[in-house]
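K.L.:
Got chain S; can you put chain H on it based on the hints?
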Amino acid sequence: MTAKKKRRLAFAAALVAVGAVLAVIVVYGLGQNTMYFRSPTDIAEAKIAPGVSFRLGGLVQQGSVAHGKGADVRFSITDGKSSVPVTFSGVLPALFREGQGVVTTGALNQTGTFIANEVLAKHDEKYMPPEVVDSLKRSGRWKDSGV
Amino acid sequence: MTGELGQLAVCFALALSLVMAGAGLLGARADQAAARSIANGAAMGMLVFVALAFGVLTYAFVVSDFSIALVANHSHTSKPLIYKISGVWGNHEGSMLLWVLVLAIYAALVAGLQRGGERLTSASLGVQGLLAAAFFLFLLFTSNPFGRLDPAPFEGAGLTPLLQDIGLAIHPPMLYAGYVGLSASFAYAAAALMVGEEGWTRAARPFMLIAWIALTCGMALGSWWAYYELGWGGFWFWDPVENASLMPWLIATALLHSALATEKSGAFRTWTLLLAIGGFSMSLIGTFLVRSGLTSSVHAFASDPTRGFFIMILIALAIGGALALFAWRAPTLKGGAAFEPVSRETTLLLNNVFLIASCACVFVGTLYPLVLEAFNGTKISVGPPYYALTFAPIFFALLLLVPLGPRLGWKRGDLKAAWRSLYPALGLAVIAAVTVLAIITPRSVVAAMAFAVAGWLIGASILDLRRRKGARASAFAAALAHAGLGVTLLGVTGTTAWRSEALTVMAPGETIVVGPYTLRFDGVTEVTGPNYVADRGHIALMDGGKVKAMLRPEQRFYTAEGQSVSDTAIRTTGLRDLYLALGDNRGGGRYAVRVYVSPLAPLIWLGALVMALGGMLSLGGRLRAGARAPVAEAVAAE
Numbered sequence: 000m001t002a003k004k005k006r007r008l009a010f011a012a013a014l015v016a017v018g019a020v021l022a023v024i025v026v027y028g029l030g031q032n033t034m035y036f037r038s039p040t041d042i043a044e045a046k047i048a049p050g051v052s053f054r055l056g057g058l059v060q061q062g063s064v065a066h067g068k069g070a071d072v073r074f075s076i077t078d079g080k081s082s083v084p085v086t087f088s089g090v091l092p093a094l095f096r097e098g099q100g101v102v103t104t105g106a107l108n109q110t111g112t113f114i115a116n117e118v119l120a121k122h123d124e125k126y127m128p129p130e131v132v133d134s135l136k137r138s139g140r141w142k143d144s145g146v
Numbered sequence: 000m001t002g003e004l005g006q007l008a009v010c011f012a013l014a015l016s017l018v019m020a021g022a023g024l025l026g027a028r029a030d031q032a033a034a035r036s037i038a039n040g041a042a043m044g045m046l047v048f049v050a051l052a053f054g055v056l057t058y059a060f061v062v063s064d065f066s067i068a069l070v071a072n073h074s075h076t077s078k079p080l081i082y083k084i085s086g087v088w089g090n091h092e093g094s095m096l097l098w099v100l101v102l103a104i105y106a107a108l109v110a111g112l113q114r115g116g117e118r119l120t121s122a123s124l125g126v127q128g129l130l131a132a133a134f135f136l137f138l139l140f141t142s143n144p145f146g147r148l149d150p151a152p153f154e155g156a157g158l159t160p161l162l163q164d165i166g167l168a169i170h171p172p173m174l175y176a177g178y179v180g181l182s183a184s185f186a187y188a189a190a191a192l193m194v195g196e197e198g199w200t201r202a203a204r205p206f207m208l209i210a211w212i213a214l215t216c217g218m219a220l221g222s223w224w225a226y227y228e229l230g231w232g233g234f235w236f237w238d239p240v241e242n243a244s245l246m247p248w249l250i251a252t253a254l255l256h257s258a259l260a261t262e263k264s265g266a267f268r269t270w271t272l273l274l275a276i277g278g279f280s281m282s283l284i285g286t287f288l289v290r291s292g293l294t295s296s297v298h299a300f301a302s303d304p305t306r307g308f309f310i311m312i313l314i315a316l317a318i319g320g321a322l323a324l325f326a327w328r329a330p331t332l333k334g335g336a337a338f339e340p341v342s343r344e345t346t347l348l349l350n351n352v353f354l355i356a357s358c359a360c361v362f363v364g365t366l367y368p369l370v371l372e373a374f375n376g377t378k379i380s381v382g383p384p385y386y387a388l389t390f391a392p393i394f395f396a397l398l399l400l401v402p403l404g405p406r407l408g409w410k411r412g413d414l415k416a417a418w419r420s421l422y423p424a425l426g427l428a429v430i431a432a433v434t435v436l437a438i439i440t441p442r443s444v445v446a447a448m449a450f451a452v453a454g455w456l457i458g459a460s461i462l463d464l465r466r467r468k469g470a471r472a473s474a475f476a477a478a479l480a481h482a483g484l485g486v487t488l489l490g491v492t493g494t495t496a497w498r499s500e501a502l503t504v505m506a507p508g509e510t511i512v513v514g515p516y517t518l519r520f521d522g523v524t525e526v527t528g529p530n531y532v533a534d535r536g537h538i539a540l541m542d543g544g545k546v547k548a549m550l551r552p553e554q555r556f557y558t559a560e561g562q563s564v565s566d567t568a569i570r571t572t573g574l575r576d577l578y579l580a581l582g583d584n585r586g587g588g589r590y591a592v593r594v595y596v597s598p599l600a601p602l603i604w605l606g607a608l609v610m611a612l613g614g615m616l617s618l619g620g621r622l623r624a625g626a627r628a629p630v631a632e633a634v635a636a637e
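Sequences listed follow chains S and H, in order. Each residue of the first sequence is one higher than the one before, counting from 0 in numbering that gives the first Met the number 0. Each residue of the second sequence is one higher than the one before, counting from 0 in numbering that gives the first Met the number 0.
Just chain S, same shape as in the assembly:
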């Protein structure tokens, strides 16, 4: 082998090694840190273990919002078919209100209440998160004229 060929071979080997390490890191990282989006109906149908983080989205159920002491708040998220009780401690987004689409992040506790550590509502009255639109469509409660 000429010196040039040797250099090329070493370079190719290094490249493969770097690529392999990178692939391992990325695959491991994705495996550990992806969060699924679930609708209230998904939760009613499938058993989801307490403590597993996921994103829960839907509409804030009419008449369900109750403020506790301090910054605590309870409400339910519904997709028209099923609903899930949610508790959250913190500042709600400005356009959080009953009937509005929201996406929350958190996990279920032992009694089936969703403990949210983040509540997102878009800053737009007309806006509906696409995931929520999809889940409303699946539960048959979506009207194209808007909700």
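Check before you lean on any hint, since a few could be wrong.
[Stated by the list, open to error] If you anchor each label on the Cβ, the simulated ranges turn out as follows:
| no. | chain 1 | residue 1 | chain 2 | residue 2 | range |
| --- | --- | --- | --- | --- | --- |
| 1 | H | T76 | S | T110 | 34 to 42 Å |
| 2 | S | A11 | H | G319 | 21 to 29 Å |
| 3 | S | D71 | H | G319 | 49 to 57 Å |
| 4 | S | A13 | H | V445 | 53 to 61 Å |
| 5 | S | V64 | H | D238 | 50 to 58 Å |
| 6 | H | V433 | S | S63 | 49 to 57 Å |
| 7 | S | Q109 | H | I511 | 30 to 38 Å |
| 8 | H | G320 | S | T110 | 25 to 33 Å |
| 9 | H | I511 | S | G67 | 46 to 54 Å |
[To be verified] Heads up, simulated SDA-like pairs for lysine to any residue below, C-alpha to C-alpha not over 20 Å straight-line:
| no. | chain 1 | residue 1 | chain 2 | residue 2 |
| --- | --- | --- | --- | --- |
| 10 | S | K136 | H | I379 |
| 11 | S | K68 | H | A506 |
| 12 | S | K136 | H | E372 |
| 13 | S | K136 | S | K68 |
| 14 | S | K4 | H | G265 |
| 15 | S | K5 | H | E339 |
| 16 | S | K5 | H | V341 |
| 17 | H | K378 | S | R137 |
| 18 | H | K410 | H | G508 |
| 19 | S | K4 | H | L332 |
| 20 | S | K68 | H | R589 |
| 21 | S | K4 | H | K378 |
| 22 | H | K410 | S | D41 |
| 23 | H | K378 | S | D41 |
| 24 | S | K4 | S | V20 |
| 25 | S | K3 | H | A337 |
| 26 | S | K3 | H | K378 |
| 27 | H | K378 | S | L119 |
| 28 | S | K4 | H | G334 |
| 29 | S | K3 | H | V532 |
| 30 | S | K4 | H | T331 |
| 31 | S | K3 | H | G334 |
| 32 | S | K68 | H | G508 |
| 33 | S | K4 | H | T510 |
| 34 | S | K3 | H | E339 |
| 35 | S | K68 | H | T503 |
| 36 | S | K68 | H | G586 |
| 37 | S | K68 | H | T510 |
| 38 | H | K333 | H | S264 |
| 39 | S | K136 | S | T40 |
| 40 | H | K263 | H | L349 |
No lab work stands behind these hints: they were computed from the structure. For each residue, glycine too, the CB sits at the ideal point set by N, CA and C.
P.N.:
Here is chain H on its own, set in the frame of chain S:
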């Protein structure tokens, strides 16, 4: 009438872009001097017509001409003038017009500056003409900004209030200057493949620098905006749209370093060509991510599948065409020059490996959810922990290497001498780490390590600045840019490790202590702005029994748009931010209040500014050298 004038101008610009493409590519042949002058003229003409179209649209926004659908859908008579103007690009169609305007400006610069040989310039103009033509077609067929409404409505629908902000008014033009700036390096690289010219990196360098500076500033502006406008106290959310600007930045940074090696020592010749193609590809993919509406984000104005499809075809043609050209022509070019394992080239190679790897992590994290959803409908999201696990360590490793590079010679370096000259920087790193561990609570080993790296970077840069005082501008510029990285790292570490926050519901007269601050809530009053009504919180910063300052965070409701946004109140000492956001009304005069104390937060953006200054210094040196002398002399001068 004005709307039709704008549309006509776009059509003329399209025609000129086709002329520029044909004449430019023909002019790549040595005996076609006439074609070259036609291409140059077409570049100038195209700029005139695009500028005319852009001017017409801007005028329509300023005078609120609601007979143009775009203006009716995105503007309102009650908006302040500045947001009427920024409304031009605060929507899909207008922002694509801005995109082609920037493209035309770069083409005119390439034609006007005539850097590199005339065949190289001509071929670059040809490639830019092809790109421009594709984007004009996109504009006319899927995103016409000049569509009419009949009858014209009496009032417009307004602009998303989140975009009614000075930071977001200048963020898109800045980002586009970066995205599209990479089209110039892309065009030069493709042209170099066609005419077989090696000196293209020197010709394209100012454009790489401009693109990199603009991307740096654009990203910093975007992150600063997210910080003070979203009211969550964070500065980077790993949102797909943020990633869409980070990826081109990472590749552009790799390109700047690799092109330097190509220019100075002839190394990485083919690799640099590939990076120039890759950089602009990332810009196109970023545009696709933002414009196709595939991601839900504040930036996703429109979700129109035909647009996404069109951009996807455009990406496939541009990237595929360039890579095909690369595969065909690259083997005929001279390969990269050899170098010793211990040399500046090796550090630049590692720089590229780390930058590409970190970009790959961001790429996968951004696109994986889209791909998964396309395949089986599963909706997932990839959050910050993924990036902390993948991107962060790779980038950390890169930062460790940074001080070494400039201390090693081209071709063959002296590692021992380089290492020895870095002892003071090493000392600073150790002091920084020990100080952090000893003094600051909560104690954080990761933060101490990050401080050590920042000390290492800043220390080495100070050594560079001292050692090379009065010497070459390029070394000074590099030192400045690297120091900026260190400063940003300090800011990121400070806010991440030691931010304290309080989320509470406060009644008037109540006080709260957050970190070193005592705050008293004095209630809320209602105020009326030009196009919004707001709840304005009055919060007193106390010092002993006295009021030291009043902070007034607001919750604004924009009546025309029916949307509400928070306006945070930030009091900064330069080294620490006190950050207040007003939350929801809990009845009886009680309001939710969000307080963050973010140590070192301002350094995040200060560091970006220092980096950009380094870039500008280098750019200035380049342009002076270019103006002063023919190529050979400029090489000798550096």
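K.L.:
State for each hint whether it applies.
P.N.:
A quick look at each hint next to the structure:
The given range of 34 to 42 Å is broken by T76 of chain H and T110 of chain S, whose C-beta atoms sit roughly 54 Å from each other. The given range of 21 to 29 Å is respected by A11 of chain S and G319 of chain H, whose C-beta atoms sit roughly 24 Å from each other. Distance hint check for D71 of chain S and G319 of chain H: the Cβ-Cβ separation is about 55 Å, which falls inside the suggested range of 49 to 57 Å. Evaluation of the 53 to 61 Å hint for A13 of chain S and V445 of chain H yields a failure: the beta carbon distance comes to about 29 Å.
Here the CB-CB span from V64 of chain S to D238 of chain H is close to 28 Å, at odds with the stated 50 to 58 Å. Distance hint for V433 of chain H and S63 of chain S: a CB-CB separation of about 53 Å, consistent with the stated range 49 to 57 Å. At about 33 Å, the CB distance of Q109 of chain S to I511 of chain H agrees with the hint of 30 to 38 Å. Between G320 of chain H and T110 of chain S the CB atoms are about 59 Å apart, so this pair departs from the stated range of 25 to 33 Å.
For I511 of chain H and G67 of chain S, the hinted distance range of 46 to 54 Å is not satisfied, since their beta carbons lie about 19 Å from each other. Restraint check: the Cα-Cα separation between K136 of chain S and I379 of chain H comes to about 18 Å, which is no more than 20 Å; the hinted pair holds. At roughly 13 Å between alpha-carbon atoms, K68 of chain S and A506 of chain H fall within 20 Å of each other, so this suggested pair holds. Pair hint K136 of chain S plus E372 of chain H holds up; C-alpha atoms about 16 Å apart against a cutoff of 20 Å.
About 36 Å separates the Cα atoms of K136 of chain S and K68 of chain S, which puts this hinted pair outside 20 Å; it is violated. This hinted pair checks out: K4 of chain S and G265 of chain H have alpha carbons roughly 19 Å apart, not beyond 20 Å. Our distance criterion of 20 Å between C-alpha atoms is met by K5 of chain S and E339 of chain H, whose separation comes to about 14 Å. A hinted pair counts as satisfied when its Cα atoms are at most 20 Å apart, and K5 of chain S with V341 of chain H qualifies at roughly 17 Å.
Annotation: proposed proximity of K378 of chain H to R137 of chain S holds, straight-line Cα distance about 14 Å (limit 20 Å). Note on K410 of chain H and G508 of chain H: the hinted pairing is violated, with a Cα-Cα distance of about 70 Å set against a maximum of 20 Å. Using a Cα cut-off of 20 Å, the hinted pair K4 of chain S and L332 of chain H holds, with the two alpha carbons roughly 18 Å apart. A threshold of 20 Å between alpha carbons decides the hint, and for K68 of chain S with R589 of chain H the separation of about 12 Å falls inside it, so the pair holds.
For the given pair, K4 of chain S sits about 47 Å from K378 of chain H by alpha-carbon distance, which is inconsistent with the 20 Å threshold. Only pairs whose Cα atoms come within 20 Å are accepted, and K410 of chain H paired with D41 of chain S is rejected, the gap being roughly 61 Å. Only pairs whose Cα atoms come within 20 Å are accepted, and K378 of chain H paired with D41 of chain S is accepted, the gap being roughly 12 Å. Restraint check: the Cα-Cα separation between K4 of chain S and V20 of chain S comes to about 24 Å, which exceeds 20 Å; the hinted pair is violated.
With a C-alpha separation of about 9 Å, the suggested pair K3 of chain S and A337 of chain H falls inside the 20 Å cut-off, and the hint holds. Distance check on the hinted pair: K3 of chain S and K378 of chain H sit about 49 Å apart at the alpha-carbon level, beyond 20 Å; violated. Restraint check: the Cα-Cα separation between K378 of chain H and L119 of chain S comes to about 17 Å, which is no more than 20 Å; the hinted pair holds. With a C-alpha separation of about 13 Å, the suggested pair K4 of chain S and G334 of chain H falls inside the 20 Å cut-off, and the hint holds.
For the hint linking K3 of chain S to V532 of chain H, the alpha-carbon distance of about 72 Å lies beyond 20 Å, and the restraint is violated. At roughly 18 Å between alpha-carbon atoms, K4 of chain S and T331 of chain H fall within 20 Å of each other, so this suggested pair holds. For the suggested pair K3 of chain S and G334 of chain H, the alpha carbons sit about 11 Å apart, so the restraint of at most 20 Å is met. For a cut-off of 20 Å, the pair hint linking K68 of chain S to G508 of chain H stands: about 18 Å separates their Cα positions.
Between K4 of chain S and T510 of chain H, the direct Cα distance comes to roughly 73 Å. Violation of the 20 Å bound is thereby established for this hinted pair. With a C-alpha separation of about 13 Å, the suggested pairing of K3 of chain S with E339 of chain H holds against the 20 Å cut-off. Proximity of K68 of chain S to T503 of chain H is assessed by CA-CA distance (about 10 Å); at most 20 Å being required, the pair is judged to hold. Restraint check for K68 of chain S and G586 of chain H: the C-alpha separation of about 13 Å stays at or below 20 Å, so the hint holds.
This hinted pair checks out: K68 of chain S and T510 of chain H have alpha carbons roughly 17 Å apart, not beyond 20 Å. Under the criterion of a C-alpha separation no larger than 20 Å, the hint pairing K333 of chain H with S264 of chain H is consistent with the structure, at around 13 Å. Of the supplied pair hints, the one linking K136 of chain S and T40 of chain S holds, its CA atoms being roughly 12 Å apart against a limit of 20 Å. With a CA separation close to 17 Å, the supplied pair K263 of chain H and L349 of chain H stays within the 20 Å bound.
In this structure, the hints that do not hold are numbers 1, 4, 5, 8, 9, 13, 18, 21, 22, 24, 26, 29, 33, in rising order.
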